[in-house]
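Kindly produce the complete structure, drawing on both the sequences and the hints.
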Amino acid sequence: MPTILLIDDDASLLDGLAMAVEDAGHEVITAPDGARGWALATDREPDLVISDVNMPGLDGFSLCRKLRDAGAEVPIILLTARDNEIDEALGLELGADDYISKPFSTRVVLARVSALLRRQALRAGGGRGSASLEAGQLTMDPERLEARWAGTLFETTVTEFRMLEAMASRPGIVLSRGRLLELTRDDDSVVAERIVDTYVRRLRRKLEAIDTAFDSIETVIGAGYKWRNP
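Numbering follows my numbering, with no gaps: position 195 of the sequence shown is 195.
Think of the hints as simulated: they come from the structure by calculation, not from any bench.
Note that the structure is a prediction, hence the values are computed from the model and not measured.
Among the clues, some could well be false.
Stated by the list, open to error - Here are the simulated DSSO-like cross-link-like pairs (lysine-lysine), alpha carbons at most 30 Å apart as the crow flies:
| id | residue 1 | residue 2 |
| --- | --- | --- |
| 1 | Lys-66 | Lys-102 |
| 2 | Lys-66 | Lys-226 |
| 3 | Lys-226 | Lys-206 |
Claimed, not checked - Pairwise CB distance ranges (calculated):
| id | residue 1 | residue 2 | range |
| --- | --- | --- | --- |
| 4 | Ala-35 | Ser-132 | 38 to 46 Å |
| 5 | Met-19 | Thr-42 | 19 to 27 Å |
| 6 | Ser-169 | Asp-43 | 36 to 44 Å |
| 7 | Ile-173 | Ile-29 | 41 to 49 Å |
| 8 | Ala-70 | Pro-103 | 28 to 36 Å |
| 9 | Met-19 | Val-220 | 20 to 28 Å |
| 10 | Ile-210 | Ser-132 | 12 to 20 Å |
| 11 | Arg-36 | Glu-93 | 22 to 30 Å |
| 12 | Pro-32 | Ala-121 | 26 to 34 Å |
| 13 | Asn-229 | Leu-153 | 16 to 24 Å |
| 14 | Asp-211 | Val-174 | 17 to 25 Å |
For glycine and all other residues, C-beta sits at the position ideal for the given N, C-alpha and C.
Take a look at the structure:
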């Protein structure tokens with residue numbers, strides 16, 4: 001049974017979300033603030049973390065940064081009442097896997113949780129039987145969620161991996177931001193399409209750290225992105 005860590009300083013929201021997540025068949029542990037959430041995340045090693053952003057002391061952004069700096073690969077969903085693309089982009093830049101604005105539907109939260117847990121299961125060997133992908137100097141192993149450029153392994157979140165896989169498996173095809181979100185996510189929730197730019201920027205940065213001449217992800221102005229092999 002997957003263990004989900006819920007962190008929020010709003011006690012009523014925390015209780016309601018905990019009940020919904022438990023009803024969906026998950027074990028739930030809760031924390032009333034970021035400091036306690038950090039302690040539980042490092043001690044209990046949950047399968048997924050859902051954290052509010054706006055908390056006193058250690059906020060959700062800072063918690064996300066601390067977990068990633070510590071090498072934690074646990075999927076992280078951030079919750080915020082600030083419906084702002086800048087906040088959304090910042091959360092993803094810090095290594096969050098997903099972002100949900102308040103008020104939200106518990107159905108959407110549970111759909112995101114299920115999608116991230118399915119993808120994370122690939123890291124534990126529960127792969128979907130997909131063949132490895134080769135696109136130029138890029139090689140990807142969907143069963144292990146491992147990506148390499150010119151033989152060098154680089155880390156991705158599960159969402160980054162799926163977005164890179166969507167582009168690299170369709171070389172030369174222009175994919176709109178909306179289409180990339182469809183290929184990357186497993187639910188029908190509404191997400192700002194511009195958030196794709198943040199994912200692409202993060203992927204480019206990681207690949208350029210290996211190869212300064214990397215240019216396989218091409219921006220098609222007014223249309224989206226496409227992958228081009230050398």
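To see whether the hints hold, each was checked on the structure:
Note on Lys-66 and Lys-102: the hinted pairing holds, with a Cα-Cα distance of about 23 Å set against a maximum of 30 Å. At most 30 Å may separate the alpha-carbon atoms for a hinted pair to count; Lys-66 and Lys-226 exceed this at roughly 33 Å. Straight-line distance between C-alpha atoms of Lys-226 and Lys-206 comes to about 18 Å, which keeps the hinted pair within the 30 Å bound. A hinted range of 38 to 46 Å holds for the C-beta pair Ala-35 and Ser-132, which are about 42 Å apart.
In this structure the hint that Met-19 and Thr-42 lie 19 to 27 Å apart at CB holds, the actual value being about 25 Å. Restraint check, Ser-169 to Asp-43: a C-beta distance of roughly 39 Å satisfies the suggested window 36 to 44 Å. At roughly 43 Å, the beta carbons of Ile-173 and Ile-29 sit within the given window of 41 to 49 Å. Roughly 31 Å separates the CB atoms of Ala-70 and Pro-103, a value that falls within the hinted 28 to 36 Å.
At about 45 Å, the beta-carbon gap between Met-19 and Val-220 misses the expected band of 20 to 28 Å. Range check, Ile-210 to Ser-132: about 19 Å between beta-carbon atoms, so the 12 to 20 Å window is met. For Arg-36 and Glu-93, the hinted distance range of 22 to 30 Å is satisfied, since their beta carbons lie about 25 Å from each other. Checked against the hint of 26 to 34 Å, the pair Pro-32 and Ala-121 passes, with Cβ atoms roughly 29 Å apart.
At about 20 Å, the beta-carbon gap between Asn-229 and Leu-153 stays in the expected band of 16 to 24 Å. In this structure, Asp-211 and Val-174 meet the distance hint of 17 to 25 Å, their C-beta atoms being roughly 23 Å apart.
Violation of the numbered hints given earlier is confined to hints 2, 9; the remaining hints are satisfied by the structure.
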